[in-house]
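Asker: Construct the entire structure; sequences and hints are all you get.
Residue numbers (the working numbering), protein chains in the order written: chain B, 25 to 248; chain L, 19 to 409; chain X, 7 to 392; chain F, 4 to 220; chain P, 166 to 288; chain G, 40 to 239.
Hints were generated in silico from the structure; no laboratory data involved. Hints are not guaranteed to be accurate.
To be verified - Restricting the straight-line Cα-Cα distance to at most 30 Å, the calculated cross-link-like pairs of lysine-lysine (DSS-like) are:
1) B/94 x B/107
2) X/314 x B/32
3) P/225 x G/179
4) F/181 x X/314
5) X/297 x B/48
6) B/116 x B/202
7) X/297 x X/198
8) B/200 x X/314
As the list claims (entries may be wrong) - Now the in silico label distances, taken between C-beta atoms and shown as ranges:
9) F/18 x P/225: 53 to 63 Å
10) P/220 x G/192: 29 to 39 Å
11) L/206 x P/230: 34 to 44 Å
12) F/160 x G/192: 52 to 62 Å
13) X/347 x F/76: 18 to 28 Å
14) F/93 x X/310: 41 to 51 Å
15) F/53 x B/142: 26 to 36 Å
16) X/264 x B/195: 36 to 46 Å
Here a beta-carbon is modelled for each residue, glycine too, at the ideal position from N, C-alpha and C.
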Amino acid sequence: MLGDGIIKGLAETARNFFGSYVDKERLTTVQYPEERLPQIEGTRDFPFLVYDGDDWEKGLRCVSCHICEKECPPKCIFIEKSKDKKPDAVGKLQFYPVRFDIDVSVCMSCQICVEVCPFDAIKMDVEFELSSDDRFGGLLHHKDKLAKSNEYYHKIHPTEAAAVDAALAEEREKEKEKQKQAALAAAAAAAAKAAAAPASAPAAHVPVPAPGTNTDTSAKEETK
Amino acid sequence: MPEMIDQIFVLLKQWIMGYVPSGLQPLCSAILSVLPILVVFPLLFAITTVLERKGLGRMQNRYGPNRAGPWGILQPAADGIKSLTKEDIVPRSADHLVHLLAPILIVIASFLVYSVVPVGRNMVVVDLNAGVLFFFAIGSMVELAVFMAGWSSRSKYSLLGAMRAIAQMISYEMPMVLSGVVAIMAAGSLSTVTIVNMQAGYTGIWPHWYLFTPWGITGYILFMIAATAESNRCPFDMPEGESEIIAGYFIEYSGFKFALFFVAEYLGMMASSAMAITLFLGGWAAPFSFLTWIPSWFWFFAKLILMLMVFIWIRGTLPRLRMDQLMNFGWKFMLPLSLINIVSAGLWHYLPSGFTRWSVISLLLLLSCFLLSRNLRRNKWFQERTYRFAS
Amino acid sequence: MSVLTEVSIDTISQPANDHLHGDLLEISMGPHHPSTHGVFRMNIVLDGERVVKLKPVFGYLHRNHEKIAEHETYLGSMPYTDRLDYICSITNNWAYALAVEKLAGIPVPERAEYLRVITGELTRLQNHAGLIGFLLQDMGASGTPLMYAFREREKILDLFEALTGSRMMCNYMRFGGCRRDLPSGWMEHAQKVVDGFPRFLDEFERLLRTNEILMARTQGIGIVTREQAINAGISGPMARASGVNYDLRKVDKYGIYDRFSFRVPLGEHGDVYDRYMMRLLEMRESIEILKQAMRDLPSGPIMDPNTKIRNFRPKAGEAYGRIEAPKGELGFYLISDGGPNPYRYRVRPPSLINLTLLEQMCLGHNVSDVVIILGSVDIVLGEVDR
Amino acid sequence: MNLEEIKSQIEANVPGCSLEILPNASPSGQHSLLVDPEHALTVASFLRDGASPHFDYCSNVTGIDWPLKETSSKQKTKKIVDGVEKEVEELVKISTGNYLEVVYHLFSQENRQGPLVLRMRTGDRAERVHLPSLTPVWRSAEFQEREVYDLFGIVFDGHPDLRRLLMWEDFTDHPMRKDYVDPDDYEYEPTAHDEVLRRTQAHYAAQEALSGAEEAR
Amino acid sequence: MTNHMYLPVIVLLIAGAAFAIGPLALAWVWAKKFSPQKAGPTKNAIYECGLESNGDAWIKFKPGYYLYAIIFLIFDVEAVFLLPFAVAFGGFTVAESVSMLVFLLLLVEGLVWAWQKNVLSWT
Amino acid sequence: MVATSLQELYNWGRKSSIWPLNFGLACCAIEMIATTMARYDLARFGAEVFRPSPRQADLMIVAGTVTKKMAPQVVRLYNQMAEPKYVISMGACAISGGPFKQGYNVLKGIDRYIPVDVFIPGCPPRPEALLDAFLMLQRKIDEQQLTGPGRPRHLQEEQPSEFVVPQYGQHDLTPTRNDAIWHAPLVNISNAGPNESGRD
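Answerer: Here it is, written out as structure tokens:
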């Protein structure tokens with residue numbers, strides 16, 4: 025009979041129509057600004073820089089090795105390496121980025137920077153409400169905007185962050201062990217040489233510059 | 019008391035008329051009759067658009083507009099303000115006058131047809147003794163306006179839309195008129211008021227609607243299909259066929275001119291529904307004898323909204339036909355069937371009432387429906403298929 | 007200068023000087039058109055509404071993928087492949103990874119192969135669901151089938167997001183494995199989605215499979231015969247709708263596809279309806295594969311331990327690797343000169359080649375048919391123009 | 004399927020054609036067959052209809068640009084220097100390339116075999132860029148050959164509709180060639196790198212010269 | 166009464182026209198007062214999918230379309246005859262009805278003829 | 040008083056009824072479609088009426104890569120839209136060329152030719168990000184003045200409503216940008232020298 029397929033279809037839409045009043049499956053809308061979908065843990069949007077401790081400038085894990093900049097497929101990262109070294113959150117002397125820009129208007133959220141970073145310094149954020157009406161200022165994120173604390177990282181990607189922390193701790197442990205060994209060896213060597221010459225000051229005692237003296241002065245000047 | 023409420027608008031008008039000097043009485047009476055139409059139907063149009071958008075939303079597992087005003091009911095107001103303040107663009111090469119006249123004409127035509135629709139007991143603008151004829155005649159003006167719009171825009175897509183529109187509308191004009199003829203035969207009058215009055219009686223609790231006869235239901239379905247095509251609604255929305263010819267005949271219209279086409283489309287849809295109600299669903303008559311205490315105008319609008327919802331429902335479900343299929347369906351199925359329907363309505367008149375009459379006419383109609391649809395499906399490209407699998 | 011000079015009306019022989027013919031109408035459909043699936047353009051010459059000539063015009067989304075890839079490292083091209091056929095990023099990743107693996111001779115651990123099959127078949131599900139939704143949208147159904155299709159698609163996208171981090175641009179595969187192992191709870195969630203999918207298919211079939219309008223609109227439209235399909239290099243569901251029994255999952259048995267039992271649906275007529283039904287039937291087969299793969303998923307590493315991701319330099323040579331992407335045969339042809347970038351990087355786009363017969367399919371049909379024929383080919387412009 | 008066998012099959016059936024097997028060092032082992040352009044169409048028809056297996060399915064067509072590449076290596080040669088034969092190390096320039104190449108990947112759907120990689124080379128990269136079109140044999144080559152024509156500039160004789168595929172008609176370059184120079188439109192790049200940066204700088208210098216009012220910080 | 170019969174229709178006609186023209190006039194006033202109309206060569210060109218339109222849309226369109234109009238005319242005339250017949254039908258004798266049936270059949274024959282001639286096949 | 044309420048009404052009407060142009064270019068278009076679908080439901084804001092004709096649309100969502108071949112068409116479509124009209128540049132490609140900006144056929148940002156109201160970064164942006172941008176556009180509309188010198192472009196007589204449509208050239212589009220609307224900041228070249236330390 026002409027029309028039975030049509031009637032079957034009509035029945036289906038009617039079922040959905042009435043179902044939408046009783047069944048959550050048939051009313052899937054999440055009313056965005058008020059309601060939000062539960063955040064999925066693995067989500068990635070744009071990269072951010074992780075820092076340890078409280079001071080974002082001091083605690084940045086980034087040592088500006090330029091690996092992410094080189095590997096970034098669309099080349100949206102721009103790093104300027106410092107000329108001097110500063111102690112990081114655990115007190116180790118490191119180079120640091122004088123300038124670390126990510127152009128989110130170019131970034132393709134591919135996560136390759138995260139993958140290649142040997143220092144776990146760059147991670148993916150879940151923040152997506154970055155709309156702006158300022159094409160040049162609003163979408164070029166500088167170091168200050170990119171730096172986010174490790175706690176924040178734990179909040180958005182708990183499992184991953186825990187794994188990263190464990191790995192870092194292990195590495196530090198190893199590092200410490202190595203340093204200890206080195207120190208022991210050095211001590212032994214020093215002891216052997218003790219008679220010959222007085223021990224020179226170990227490298228870890230370089231005076232620390234006052235915090236905030238050399239901030240990202242250049243970063244802000246670039247765009248207007 | 020029920021009569022009081024039923025006739026409240028009529029009484030209101032009479033009360034006002036009492037204060038009007040007799041010289042102005044005809045004019046005032048006319049204005050008072052026309053005013054409600056100008057208020058009620060555009061309002062109904064606004065409600066329908068909200069209903070449609072929210073209803074479609076619900077069919078599609080979502081809410082639909084719910085931000086403008088409480089529950090989104092002010093959405094049409096926002097759309098209206100936006101349309102009013104939107105720039106009006108007329109293509110350079112277009113025929114400016116015709117381009118301007120088309121939306122005006124289509125709205126006029128859409129309003130005029132309401133003058134013969136009885137929306138309640140004693141509630142009709144003018145009881146023309148050729149009311150149905152008037153309805154169809156004025157309804158054809160819409161076709162003209164649509165063609166004017168499409169042709170004057172001088173865009174290729176609008177030209178295609180206009181060509182489709184004119185072909186489609188004249189093809190479905192015939193089944194629409196002919197399927198209405200059966201009701202006229204039964205009522206013996208072209209006056210819409212008489213036709214409704216003829217259906218106002220009851221047998222037991224059942225009303226004397228023409229819908230409840232074999233030729234009536236056939237006529238009703240044919241009329242509704244034709245009305246869908248006449249008002250360019252899905253699945254017959256070829257003249258504006260969004261996915262094919264972009265926006266069809268009104269592709270070059272912006273601002274309020276475009277809104278007027280929108281208004282006219284819905285007014286046309288409501289007018290066709292109103293005529294279907296008048297011809298087959300007993301107009302303002304209550305569906306059961308024990309419900310007659312509810313005012314007649316309520317029943318009319320209840321039926322109207324119900325039918326609009328069916329339109330929306332269909333729109334939410336069906337894909338569009340193709341032009342040639344539409345024409346085939348119109349000329350090779352609708353037209354012959356409506357002619358047969360006229361014959362069977364005639365036979366009905368001469369056969370003795372009772373079960374025989376029912377079964378003979380039903381059989382005749384079903385058989386012809388079956389044969390005609392088989393003819394439509396004769397094409398080898400119209401079958402369910404089974405598929406083979408390679409492993 | 008007009009871009010429309012490409013098809014000139016003079017070059018078309020006017021139909022017989024018959025009083026039943028008017029002037030020909032030359033129309034450009036696209037690049038902005040609601041149903042050209044992006045920025046595709048067809049120059050159409052119409053006699054009334056009948057198509058007498060149709061020339062596709064490409065390039066409105068030519069994003070220089072191949073040229074950019076010649077400047078990128080092998081790893082750096084991986085996220086770009088996501089954006090080829092942007093609906094099925096995972097299968098693109100897979101094809102590219104496969105080509106690189108062939109080029110450099112990299113083995114893939116078993117668990118990674120299973121993960122590839124699972125994500126790849128999920129991709130096929132969501133692509134086909136989306137396609138039939140779009141096809142019906144082109145046919146004029148006002149959104150409802152598309153909404154239902156996207157309702158299901160969102161569920162699969164949630165799975166992708168949980169696994170790969172992104173809804174559409176998954177960037178999931180690496181040469182020698184996959185990027186990330188399953189997070190906890192993913193498998194149960196996926197199981198639920200896969201088990202619920204047939205219900206959606208049933209619903210969809212009730213909604214439209216036997217619909218008279220759908221049958222009338224799609225049957226006998228845009229016919230491609232078996233011989234034409236093979237000669238024109240048509241692949242994927244579109245070829246199978248014409249009865250070509252050529253599914254690379256069966257032919258090449260790449261990855262671990264020889265371990266699963268599934269059937270390949272074949273059409274007879276090669277018209278739009280067959281292509282539509284191929285997608286519906288293939289989804290059911292994909293569900294079968296998914297069930298088997300999820301049942302058999304072994305544990306183990308997901309990356310080949312000897313493969314470097316950074317500073318990856320394959321030996322000089324070339325390789326052509328191909329997979330059965332949802333749209334057809336997706337191939338990558340790579341030439342290495344020993345450097346960190348491919349010397350030549352070529353994508354064999356199924357969408358583009360499936361369009362070869364577009365004109366032939368459309369001739370003699372209506373404008374309305376053109377959009378559904380195009381819809382049934384299942385093109386994605388990112389891949390057509392690259 | 005063996006490439007040698009196919010080669011001998013073709014040689015037996017297409018007289019006068021010169022074929023060469025180009026080895027492929029990669030683990031994929033997809034060696035290719037270099038066909039001379041004069042006989043390519045005959046060879047193609049034979050491969051489709053006469054060869055066993057029938058290569059009825061041409062999957063992929065693409066072009067490759069091999070610009071002139073001069074490598075110099077030191078070679079020891081014997082030379083008579085001052086009347087005495089000496090072994091002298093000499094810089095020998097080896098030039099390779101300087102041609103455009105088209106590659107066809109053929110498969111047999113019937114026997115499910117492949118790929119057979121067919122190659123053709125042009126005479127040089129400037130004038131002698133004509134090659135026979137294989138579209139008459141495999142329709143699937145139609146768009147792909149157009150693409151090669153567009154992006155590499157190889158002219159396919161016998162192609163039914165050879166126009167640019169991806170770029171616009173008035174475009175004069177062939178962007179996939181290795182020596183293609185991109186248009187200079189990087190006026191502003193917040194995170195400019197390498198080549199882009201150099202071009203941006205050049206651009207800005209030029210701009211400053213034009214309008215001195217702009218303050219270059 | 167009869168001379169006022171069509172007065173409401175005329176009023177409705179005027180009102181309908183006002184309903185259309187009123188907002189258009191309002192929009193015009195708005196444009197004059199606040200939001201200037203900005204015509205331009207591209208803006209007021211014909212829309213064709215974002216390209217410049219090539220060739221005119223006002224062509225000699227396929228005459229096949231007009232055949233439908235002719236057939237429509239025939240049947241419209243039929244309807245004009247049918248309507249009075251329908252009104253008077255209640256009082257007809259069988260013979261009168263049969264004569265009307267003959268008239269109908271003649272038209273049906275015309276339809277069948279057109280059908281056979283493939284005039285009703287839309288291409 | 041009257042003017043204020045008129046302005047409020049005007050802004051409310053415009054912002055509650057933004058009809059986007061049915062216009063998708065690439066990947067982002069799929070997310071744009073997803074935004075209109077049941078889960079995100081752009082219709083709640085009255086914006087599900089995707090008009091296929093630019094005459095009836097208010098908002099152009101440039102969703103995806105604008106190639107040089109497509110740019111003239113995009114500008115022409117924008118020109119053919121009726122005022123007031125808004126543009127959302129959705130996704131990295133539309134803003135700056137994004138990942139494909141090094142391609143020879145990719146336009147480095149649609150704002151070179153037409154004025155853009157809101158930029159959404161992301162590749163592609165999540166549907167929520169589009170909703171967020173949409174809300175931002177609504178806020179922007181809400182703040183617009185009906186009179187006075189601060190009134191938006193479309194209310195000012197002297198401001199253009201259509202922009203130069205670029206032409207296909209032999210190597211590139213001509214002009215490569217519309218200087219009237221596109222003002223790039225100058226790069227601090229000395230700071231961004233190519234041969235700095237740590238780069239290899």
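Asker: Does each hint hold? Answer for all of them.
Answerer: Tested hints:
1. The straight-line distance between the Cα atoms of residue 94 of chain B and residue 107 of chain B is roughly 19 Å, inside the 30 Å bound, and the hint therefore holds.
2. Distance hint between residue 314 of chain X and residue 32 of chain B is unfulfilled; the C-alpha atoms sit about 56 Å from each other, more than 30 Å.
3. Distance restraint check for residue 225 of chain P and residue 179 of chain G: the Cα-Cα separation of roughly 49 Å exceeds the 30 Å cut-off, and the hinted pair is therefore not satisfied.
4. For the proposed pair residue 181 of chain F and residue 314 of chain X, the alpha carbon gap of about 28 Å is at most 30 Å, so the pair holds.
5. Distance check on the hinted pair: residue 297 of chain X and residue 48 of chain B sit about 26 Å apart at the alpha-carbon level, within 30 Å; holds.
6. Proximity of residue 116 of chain B to residue 202 of chain B is assessed by CA-CA distance (about 14 Å); at most 30 Å being required, the pair is judged to hold.
7. At most 30 Å may separate the alpha-carbon atoms for a hinted pair to count; residue 297 of chain X and residue 198 of chain X meet this at roughly 11 Å.
8. For the hint pairing residue 200 of chain B with residue 314 of chain X, the CA-to-CA distance comes to about 28 Å; that is within 30 Å, so the pair holds.
9. Take residue 18 of chain F and residue 225 of chain P: their Cβ atoms lie about 58 Å apart, and the range 53 to 63 Å holds.
10. In this structure, residue 220 of chain P and residue 192 of chain G meet the distance hint of 29 to 39 Å, their C-beta atoms being roughly 34 Å apart.
11. Between residue 206 of chain L and residue 230 of chain P the C-beta distance comes to about 38 Å, which sits within the given range of 34 to 44 Å.
12. For the pair residue 160 of chain F and residue 192 of chain G, the supplied restraint of 52 to 62 Å holds, since their beta-carbon distance comes to about 54 Å.
13. Distance hint for residue 347 of chain X and residue 76 of chain F: a CB-CB separation of about 24 Å, consistent with the stated range 18 to 28 Å.
14. In this structure, residue 93 of chain F and residue 310 of chain X meet the distance hint of 41 to 51 Å, their C-beta atoms being roughly 45 Å apart.
15. The hint said 26 to 36 Å for the Cβ distance between residue 53 of chain F and residue 142 of chain B, and at roughly 58 Å that hint is violated.
16. In this structure, residue 264 of chain X and residue 195 of chain B meet the distance hint of 36 to 46 Å, their C-beta atoms being roughly 43 Å apart.
Going through the hint list in order, the structure does not satisfy hints 2, 3, 15.
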